[in-house]
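*Asks:* Sequence:
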Amino acid sequence: MAFGGFERHSGPSQPMSEINVTPLVDVMLVLLVIFIITAPLLSYAIKIDLPNDPAAASEAAAGTIKLSIDAEGKVYVDSEAIADEQLRERFRAAAKLSPVPELHVRADKATRYERVSFVMSTAQQMGLTKIGFVTEPAVNDPGAPAPAR
18 MAFGGFERHS GPSQPMSEIN VTPLVDVMLV LLVIFIITAP LLSYAIKIDL
68 PNDPAAASEA AAGTIKLSID AEGKVYVDSE AIADEQLRER FRAAAKLSPV
118 PELHVRADKA TRYERVSFVM STAQQMGLTK IGFVTEPAVN DPGAPAPAR
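Residue numbers (the working numbering): 18 to 166.
It should be emphasised that the hints constitute simulated quantities derived from the structure, not laboratory data. Some clues are possibly wrong.
[To be verified] Straight-line distance between alpha carbons at most 16 Å, and here's what the computed EDC-like set of lysine to aspartate or glutamate pairs gives:
#1 Lys126 to Glu89
#2 Lys83 to Asp95
#3 Lys126 to Glu35
#4 Lys91 to Asp101
#5 Lys126 to Asp87
#6 Lys91 to Asp125
#7 Lys147 to Glu119
#8 Lys83 to Asp125
#9 Lys83 to Glu97
#10 Lys83 to Glu131
#11 Lys147 to Glu131
#12 Lys91 to Glu131
#13 Lys126 to Glu153
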């Protein structure tokens, strides 16, 4: 690039025929930084003050059936031991509710799979289709393998 300030020409000076892109790049980088900073804020642009509903927490708790299975295979619903026939009746009654509640299953590690499978199939036969498993968060053990992703 010849800017013409330091070179000596013997003839008439010619106008510079190249465009200086440095200011253009500077402006584009500034605009890029501004968009990067403001883009996450756009989703929070509408301020809405949501009402507080103290009954919402109890509705969420009422919309679930908390079922536990100990290592021996004994079934508990809301910390109450329950027989298999009572379990069917409780599932049948829960399936008639609107909306149909979710079944949260907490099973001991030593529980036999047949018992967990029996509870799940009974729930499905009685009309409960939303079944979830409750687990404990993993303890950070330096010797433990990393979880699969």
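*Asks:* For every hint, state whether the structure bears it out.
*Replies:* Here is how each hint holds up against the structure:
Of the pairs offered as hints, the one joining Lys126 and Glu89 holds, with about 11 Å between alpha carbons and a cut-off of 16 Å not exceeded. In summary, the hint linking Lys83 to Asp95 is supported, as the alpha carbons are separated by about 5 Å, within the 16 Å threshold. Proximity of Lys126 to Glu35 is assessed by CA-CA distance (about 74 Å); at most 16 Å being required, the pair is judged violated. Between Lys91 and Asp101 the CA atoms are separated by roughly 9 Å; this keeps the pair inside 16 Å, and the hint holds.
The suggested pairing of Lys126 with Asp87 holds, with an alpha-carbon distance near 9 Å, which does not exceed 16 Å. Distance hint between Lys91 and Asp125 is fulfilled; the C-alpha atoms sit about 10 Å from each other, no more than 16 Å. Of the supplied pair hints, the one linking Lys147 and Glu119 holds, its CA atoms being roughly 5 Å apart against a limit of 16 Å. A distance of roughly 14 Å separates the Cα atoms of Lys83 and Asp125; the hinted pair therefore holds under the 16 Å criterion.
Straight-line distance between C-alpha atoms of Lys83 and Glu97 comes to about 10 Å, which keeps the hinted pair within the 16 Å bound. A C-alpha spacing of about 19 Å is found between Lys83 and Glu131, which places the hinted pair above 16 Å, so the restraint is violated. Only pairs whose Cα atoms come within 16 Å are accepted, and Lys147 paired with Glu131 is rejected, the gap being roughly 19 Å. Taken as a hint, the Lys91 and Glu131 pair is honoured in the structure, with Cα atoms around 12 Å apart against an allowance of 16 Å.
Restraint check for Lys126 and Glu153: satisfied, since their Cα atoms lie roughly 11 Å apart, inside the 16 Å limit.
In summary, the structure is inconsistent with hints 3, 10 and 11 from the numbered list given earlier, while agreeing with the others.
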